[in-house]
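There are 4 protein chains.
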Amino acid sequence: MAGQATPDPEALLATLARLTQERIAPRAAHYDALATNPVESWQDLWRAGFLAMTIPRAYGGLELDMPTYVRAIETLAQGCANTAMTVHMHATVHRFIAALGTPQQQARYFAETVEAGKLFGSWGSEPAVSLSRTFLVETTIRAVPGGYRIDGVKHFCTMQGGAAYYLVWCALDGRPEMDQALLQALVPADAPGMRCDGRWDPLGMRATYSPSVVFDHCLVPADAVLGPPGKATRLGLVEVFALGYAAIYLGIAQSALDFATQYCQQRVFRPENVPIAHDPAVQRHIAAMAIPLEAARLLLYEAARQWEHAEVAQRGVLANKAKYLATQVGLQVTTTAMQVVGGRSALKDLPVERAYRDLRTCTLMPPTVDRMLEVVGKAKLGVAASMFQFGAAAPPA
Amino acid sequence: MAGQATPDPEALLATLARLTQERIAPRAAHYDALATNPVESWQDLWRAGFLAMTIPRAYGGLELDMPTYVRAIETLAQGCANTAMTVHMHATVHRFIAALGTPQQQARYFAETVEAGKLFGSWGSEPAVSLSRTFLVETTIRAVPGGYRIDGVKHFCTMQGGAAYYLVWCALDGRPEMDQALLQALVPADAPGMRCDGRWDPLGMRATYSPSVVFDHCLVPADAVLGPPGKATRLGLVEVFALGYAAIYLGIAQSALDFATQYCQQRVFRPENVPIAHDPAVQRHIAAMAIPLEAARLLLYEAARQWEHAEVAQRGVLANKAKYLATQVGLQVTTTAMQVVGGRSALKDLPVERAYRDLRTCTLMPPTVDRMLEVVGKAKLGVAASMFQFGAAAPPA
Amino acid sequence: MAGQATPDPEALLATLARLTQERIAPRAAHYDALATNPVESWQDLWRAGFLAMTIPRAYGGLELDMPTYVRAIETLAQGCANTAMTVHMHATVHRFIAALGTPQQQARYFAETVEAGKLFGSWGSEPAVSLSRTFLVETTIRAVPGGYRIDGVKHFCTMQGGAAYYLVWCALDGRPEMDQALLQALVPADAPGMRCDGRWDPLGMRATYSPSVVFDHCLVPADAVLGPPGKATRLGLVEVFALGYAAIYLGIAQSALDFATQYCQQRVFRPENVPIAHDPAVQRHIAAMAIPLEAARLLLYEAARQWEHAEVAQRGVLANKAKYLATQVGLQVTTTAMQVVGGRSALKDLPVERAYRDLRTCTLMPPTVDRMLEVVGKAKLGVAASMFQFGAAAPPA
Amino acid sequence: MAGQATPDPEALLATLARLTQERIAPRAAHYDALATNPVESWQDLWRAGFLAMTIPRAYGGLELDMPTYVRAIETLAQGCANTAMTVHMHATVHRFIAALGTPQQQARYFAETVEAGKLFGSWGSEPAVSLSRTFLVETTIRAVPGGYRIDGVKHFCTMQGGAAYYLVWCALDGRPEMDQALLQALVPADAPGMRCDGRWDPLGMRATYSPSVVFDHCLVPADAVLGPPGKATRLGLVEVFALGYAAIYLGIAQSALDFATQYCQQRVFRPENVPIAHDPAVQRHIAAMAIPLEAARLLLYEAARQWEHAEVAQRGVLANKAKYLATQVGLQVTTTAMQVVGGRSALKDLPVERAYRDLRTCTLMPPTVDRMLEVVGKAKLGVAASMFQFGAAAPPA
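Residue numbers (our numbering), protein chains in the order written: chain W, 4 to 400; chain D, 4 to 400; chain X, 4 to 400; chain R, 4 to 400.
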C-alpha cells in the first residue's frame with residue numbers, strides 16, 4: 004500500500020463495499036447491543052488499508068480525494084454507522100496531523116496507524132459550551148516543564164479506551180480569543196491525569212463509546228501538540244467533520260430504505276397473495292424516501308467535488324448545506340422506513356430500528372439545524388460569516 | 004369506591020396526575036431498561052381504584068365516561084407510556100366483558116381486578132395478517148368436550164406473564180367471514196397449551212413485554228368465551244383501542260415537550276449568561292411543538308365527547324382522526340424535542356430519548372397511517388366504509 | 004334588532020350561513036375579478052343586522068360573544084373571503100369605539116352603521132415599518148386649532164373609498180414611546196388632505212381594495228379622536244385582528260376542501276366508471292386536509308372561548324396560536340385542494356384557485372409566522388413578552 | 004447557425020441567460036396580465052437560434068444534448084415561465100418530428116421554424132380523461148379521401164392561435180389499444196373544422212394561452228400525420244415533457260428565491276438600521292429554500308445526464324424523479340418566498356406573486372404527484388411498470 008501508484012477510486016470503493024457487507028455489517032447489531040467499539044471491524048479495515056484513507060501516500064496512506072472519501076464513509080455507514088463515525092473521526096485527526104504536524108510528528112503518528120492499526124480520536128465537545136452557538140473551549144493547556152498540562156472536562160469522548168491517541172481541543176492558557184488560543188494535543192490513551200467514569204448509555208451510535216473524561220493535571224510531552232495556537236481554526240479542516248457526518252446520515256438512511264424495500268418485496272399478508280410491494284401506497288412511500296435521498300446524495304457529492312478549491316468560509320457553507328439536507332432527509336427516511344415495515348420494525352431482530360436510533364443520535368452532532376441554516380443563509384445573503392463564531396476563552400483561573 | 008356516588012372527574016384526574024408524578028413516572032426508566040411490566044405502578048393504580056376505570060359502578064368500578072377516560076390515559080402516559088398502554092389494554096378488555104359477558108362472567112372477572120388487582124391483556128395481532136389491511140384472525144377456536152380448544156400464533160402479546168387473563172381473538176372454526184367468526188376467549192395465564200419463548204427486545208414500549216405466544220391445543224372452559232361469534236365486531240369497542248392510543252401518543256409528546264421546555268429554561272451555555280429560553284429560535288421551536296400538540300389534544304377530546312352518541316362506523320372515524328393527528332404531531336414533537344435539547348438528549352439520563360423511542364414504537368400499532376386516512380377520507384367523501392375490512396377466515400384445517 | 008332579547012347564537016349563525024350561501028358566495032368571483040368592495044354583500048349583511056355584530060345591544064347591535072363572532076367570520080369567509088375580511092375590520096373598529104369612545108361618540112358612530120349601513124375601516128400599516136418586528140407608527144397626529152392634523156403614509160388601506168370612516172393609527176406628535184403615543188382618529192371618507200393613487204392589483208383578497216393613502220395636512224375635528232394616547236395598546240383589542248384572521252383562513256380552507264370533496268364525488272375519468280372518490284389515494288388526500296383543519300378550528304374556538312377572561316398578554320398568545328395553526332393548515336389545505344382537483348383547478352371557472360390566492364395573501368397579514376411562534380414560545384418558556392414590541396415614535400419633523 | 008461546428012454549451016447558455024435577463028424577463032409581467040402568447044420573446048429567441056434547440060444540426064438546429072437542453076429551459080423559466088413552457092412544448096414537438104417524420108416532413112417543418120420562426124404546439128389533454136390515470140385519447144382520426152379527418156375535444160391547447168402547427172394526439176379509429184392507436188397529426192393553425200371559444204382565464208401560466216378546442220370534421224392532408232400508429236408511445240419522447248417541466252419549476256423557484264434574497268438585502272424596517280438580511284430568522288428561511296432547490300437541480304441534471312443511454316421505462320423514472328422533487332421544492336420555495344418578502348409580495352408590482360401562481364399552475368400538469376411516486380416506487384421495488392398505463396381507445400362511434 005506504499006503510495007506509489009494512485010489507487011483507482013472505484014476499485015477501492017468496490018472493495019470497501021464488499022468488506023462492509025461481508026464483515027462489518029454483520030457485526031453492527033452486536034456492537035450496538037454491547038455499546039463497545041467495533042474493534043474487529045477496525046482490524047479488517049486496517050488490513051485492507053482503510054484506516055489510512057487520509058494519510059498521505061508518502062506515509063503509506065490512500066490519500067483519498069474528498070469525493071472518494073465521502074463515498075467511502077457513506078459506504079461504511081450503510082453497514083455500520085458506528086464504524087463509519089469512528090473511522091471518520093480518526094481519519095479527520097489524520098488530516099490535522101498532515102496539515103499541522105512536523106515531519107517527525109507525521110512520520111510517528113501515521114506509522115502508528117499504517118503499521119499497527121492504531122486509532123485516533125478527537126475530543127472537542129464540553130458540557131458547558133455549545134460549539135453551534137459559540138466556538139469556545141474551556142479545557143486549558145499550559146506549558147509546564149517537560150511539556151504541557153491539560154485541565155478541563157470533555158464529553159462525548161468518542162473511542163475513549165479504544166483509540167491510541169485523542170486529539171484534545173484546548174485553549175492555550177492566557178489567550179483571550181479562540182482563533183488565537185485553540186491548541187490541539189494528541190494525548191496518548193495512557194497519559195496520566197485522565198479520569199473517566201465509564202458512563203455511556205445512549206439512544207444510538209452506541210458503539211462509538213463516548214463517555215465524559217476529566218483532565219486533571221494531565222501531562223503530555225511537548226511534541227504532542229500540533230501547530231501554532233489558533234491555526235487549526237483557519238485550515239478548512241474543522242469543516243470536514245460536518246461533511247463526513249452528512250455521508251454517515253445518508254449511509255444510514257440508505258440502509259433503512261434498502262431494508263424496507265426488500266421487506267416489502269417479500270412480505271405477504273394473508274389473504275393477499277402478492278407482496279405488499281404491489282400496493283400503490285407502499286410504492287409511493289418507497290419513492291418518497293428514495294427521491295430526496297438521491298438528491299441529498301448528489302448535493303453531498305457536489306460539495307465534496309468543490310471542496311479542494313473552496314476557501315475556508317466556503318467549505319463551511321458546503322459542509323452545512325450537505326449536513327442540513329442529509330439531516331432532514333435522514334430523519335424522514337428512517338421514520339418512514341419504520342412506518343412502511345410496520346410493527347415488527349421496532350424489534351431488534353430487524354435492522355431498521357437501529358438505523359432510526361443511530362440517525363436521530365448522530366444528527367444531534369454540531370452544528371445544529373438552526374446554525375447550519377444561518378451559515379448558509381448568511382452566505383446566500385452576502386452577510387459576512389464564517390461557519391463558527393469564535394468566543395473568548397475563559398479567563399485564567 | 005363502591006359505585007354509589009358519581010366520582011368527580013376533575014378530582015379523579017387530579018389524584019391520578021399526582022400519583023403519576025410521584026410514583027409512576029419515577030419508575031418509568033427502570034421498567035424500560037428491564038423491559039418488564041410496571042407491576043408496582045399497577046399496584047399503586049389498583050389501590051387508588053384506577054385499574055377499574057371502565058368497570059361498571061355496580062361492580063365497584065369508576066365507570067368513567069369517555070372524555071374522562073382518555074384524559075386519564077393521557078395523564079398516565081405523561082409519566083409512563085408503558086403503564087398507560089397496559090392499563091388501556093386492560094381497561095378495554097373490561098369494556099368487552101361489560102358488553103358481552105353474562106352477569107356471572109362480569110361478576111367474576113371484575114372482581115378479579117377490583118378485589119385482587121388482576122390485569123387483563125388483549126391479544127389480537129398475528130404474524131401473517133395485518134389488521135390494517137384485512138381484519139382477519141387465523142387463530143382458531145373450536146368447541147371440544149368441556150370447553151374450547153385454541154390453536155394458532157399471536158404476536159405482540161402485551162403483558163404476557165404479567166396479566167391474569169388474556170382476551171385472545173380467535174376465529175370460530177368453520178365460519179367463513181370474520182364478522183361472523185370472531186370469538187374472544189379469556190384465557191387464564193396458567194392455561195395449558197400456551198408456549199412463549201420470551202423473546203422481546205424492541206425499540207420502545209419495552210415494559211409492555213409483548214413477546215409471541217403459540218397456542219397448541221390450548222384448552223379453556225366454556226365460560227371463558229365472550230358473547231356470540233362476530234358480535235364483538237359490531238359493538239364500537241374495537242375502535243376504543245385506537246382512541247386510547249391517541250391519548251397515549253399525546254401524553255408521551257407532552258412529556259417530551261415539558262422536558263424540553265424546562266431544559267431550555269435552565270440551560271445556559273457559556274459565554275452567554277442567560278438560559279437558551281431567551282433565544283428566539285428556541286422559542287419558535289417550543290411553540291411549533293406546543294401549538295399542534297394542543298390542537299391534537301382538542302381533537303382527541305372532541306372525539307371522546309362525541310363517542311357515546313356515535314354509531315360504530317362513526318366511532319371508527321372519530322378514533323382514526325384522533326389517532327392520525329396524534330401520530331403526526333407526536334412524531335414531530337418528540338424528534339424536535341431532541342433537537343432542541345441537543346446532543347445530551349440522546350443519553351438515557353434524560354427522559355426525552357425514551358419518549359422518542361416509545362412514541363415511534365406505539366404509533367406503529369394498527370391502523371396504519373394509510374388506513375386511517377382512507378377511513379376518514381371515505382367518510383368525508385360519503386363512500387361507505389367501516390374502520391375494518393373483514394376478511395374471510397382461513398378454511399378449516 | 005334593538006338589543007332587548009339575547010339573540011340565539013345558533014339561530015344567528017344559521018341565518019348567516021344561509022345568507023352567505025345564497026347571496027354572498029355567488030358574488031365572490033365577481034368582486035374578485037373587479038377588485039372592488041363587496042358593496043351589495045355588505046348591504047345584505049346590514050339588512051340582516053350583521054354589520055353590527057360587535058356593537059353593544061344598547062346601541063342596537065348584536066354584541067356577539069367572541070366564540071359566536073369567530074364562527075360568524077368563519078362562516079362569511081366560506082362564501083367570500085373579502086366580505087369576511089372587510090366586515091372583520093369594520094367590526095373590530097366598533098370594538099375600539101365601544102372601549103375608548105365617549106357616549107356621544109358611541110351613539111353617533113354606531114348609528115351610522117345600525118341605521119345607515121356605513122362601514123368602518125382600520126388603517127394601521129405603513130410602508131417603512133413592520134408591525135411584526137416593531138409596533139411603530141410614523142404617521143403623526145398633532146393638535147391644531149379646531150381639531151387635529153394628520154400627516155404620513157398608510158398602505159394596505161382596506162375599503163378605501165368604500166367605508167365611511169377610517170380608523171387611522173397615528174403617533175401623537177412629540178411622544179417618544181408608542182404605548183404612550185398611539186392615537187387613533189376616525190377620519191371621514193371625505194376629509195380633506197387624503198390622497199390615493201388608486202393602485203391596487205394584488206394576488207388575492209382583491210375585493211378588500213386596499214391601496215396606499217397619503218395624509219398631507221389632513222384635518223379632522225377634535226371628537227374624531229378615540230381615548231387617551233397609548234390606551235388602545237392596552238385593551239386586548241389589537242389582538243382581535245389576528246384572532247379574526249384565523250377564522251378567515253379556516254373559512255377559506257373549508258371552502259376549498261368542500262369544493263375538492265364535491266368535485267371528487269362527481270368527477271369520473273374514462274375508462275373508469277366510478278368517481279375518483281373511490282380512489283384510496285384521493286381519500287387519503289381529503290382526510291389529510293380535513294383532519295388538521297378540524298383541529299385548527301377547535302384551537303380557534305378554544306381561543307375564543309378563553310378570550311373574555313384572558314388578560315392582554317394572554318390574548319396575544321391565544322390569537323397567535325390560532326393564527327399560526329390556521330396559517331399552516333390553510334396553506335396546506337388550499338394547495339392540496341388544487342392538487343386533488345387537478346389541472347382544471349387553475350381555471351377561474353372553479354372557485355379553488357381563488358381560495359388559493361386569497362389564503363396566501365391574507366396569511367401575509369401581521370404578525371408573521373416567526374413572530375407568532377416567538378410570542379407563543381416566550382409564553383411557554385415563561386419569558387416575559389407581549390404580543391407587540393413597542394417602538395419609539397419618530398422624532399418630530 | 005447552420006450546424007457545421009458543434010456549439011459550445013456554456014457559451015450558448017450564457018447567451019441565453021443574457022437574452023433572458025435583458026429582453027425576455029422584462030416582458031413577463033405584461034404577457035401574464037394580458038394572457039397572450041410571448042410573441043416578441045419568441046421572436047428574440049428565434050433570431051438567436053433558440054427556437055431550434057432540438058432541431059438536428061443537419062436542418063440548421065442546435066441539436067442540444069439533454070443536459071444542455073434542460074439548463075436552457077430552466078434559464079428561460081427564470082425570466083418568463085410562459086416563454087419557457089411554450090418553447091419547451093415547441094421543442095418537444097420537434098423531437099417527435101425528428102424521430103417519426105419522413106425526410107420530407109423534417110425538411111419542411113424544421114424550415115418553418117429555422118427560417119420563419121414558426122412555433123409548434125402539442126395538444127394531448129382532453130376533458131374526459133386523465134393521462135396520469137390512464138393514457139387514453141378519445142379524439143379520433145380516420146383516413147378519408149385526401150387525408151385524415153379529426154373529431155374530438157382537446158383542452159389546455161397551449162399556443163392556440165399563436166403556433167403555426169399543433170401536434171394533435173389522436174386515436175386511430177378502430178384500434179382498441181392506445182399503444183397501437185396513438186397517431187399524432189400536425190394540424191395547421193388555419194385548418195378547417197377547429198373551433199375555439201377563446202375562454203382562458205387561469206391562475207397562472209396565463210401567457211401559454213391554452214383554451215379548449217373542438218375538432219369537428221377537421222381535415223388534414225395525409226402527410227400531416229407522423230409515423231406509424233402507436234409508435235410515438237415507444238420512443239421515450241413522451242417522457243421528455245415531464246423532464247422539461249421539472250426544469251421550468253426550478254427556474255421559477257429560483258427566480259422567486261433570487262427576488263426574495265435581493266429584497267432582504269435591501270429592505271430596512273425602521274427603527275432598525277440594517278437590512279433584514281441580518282436577521283437570523285430571515286437567513287434561515289433563505290437557506291431552507293436554497294438548499295433543497297440546489298439538490299433538486301442536481302437531481303434534474305443527473306436525470307438529463309443519464310437520459311441518452313436510458314431505455315423508455317428508465318426515462319419515465321428519471322423524469323418522474325426530477326419532476327416530483329421539483330414540484331415539492333418549487334411549491335415550498337415559492338410560498339416561503341412570499342412569506343419572507345411579506346405583505347407586499349402579494350402586489351403585482353413585485354414578481355414573486357407571479358412565480359407563486361405560475362408554479363402552482365404548471366405543477367398541476369401530468370403526471371400527478373401520486374402517479375409520479377407510484378412509477379418511481381414500482382421501479383425501486385422491481386414491480387414492472389411503464390410511466391403510462393395505456394388504456395383502450397373508445398369504440399368507434
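Since the hints were derived computationally from the structure, they do not count as laboratory data. Among the hints, a few may not be true.
The list cannot tell twin chains apart, which means a pair is met if one copy fits it or any two copies do.
Stated by the list, open to error - Pairs of lysine to any residue, SDA-like flavour, derived with a Cα cap of 20 Å:
no.	residue 1	residue 2
1	Lys351	Ala38
2	Lys351	Pro278
3	Lys351	Gly201
4	Lys121	Pro354
5	Lys121	Gly385
6	Lys351	Gln24
7	Lys351	Ala387
8	Lys351	Gln107
9	Lys234	Gly149
10	Lys351	Ala235
11	Lys234	Gly346
12	Lys351	Pro214
13	Lys121	Gln24
14	Lys351	Ser215
15	Lys351	Ala131
16	Lys351	Ala32
17	Lys351	Arg202
18	Lys234	Thr71
19	Lys351	Thr18
20	Lys351	His158
21	Lys121	Glu314
22	Lys351	Ala225
23	Lys351	Arg152
Everything numeric in this text was worked out from a predicted model, so none of it was measured.
Enumerated hints in conflict with the structure, sorted upward
Structure breaks hints 2, 4, 5, 7, 8, 9, 10, 11, 13, 18, 19, 21, 22 and 23.
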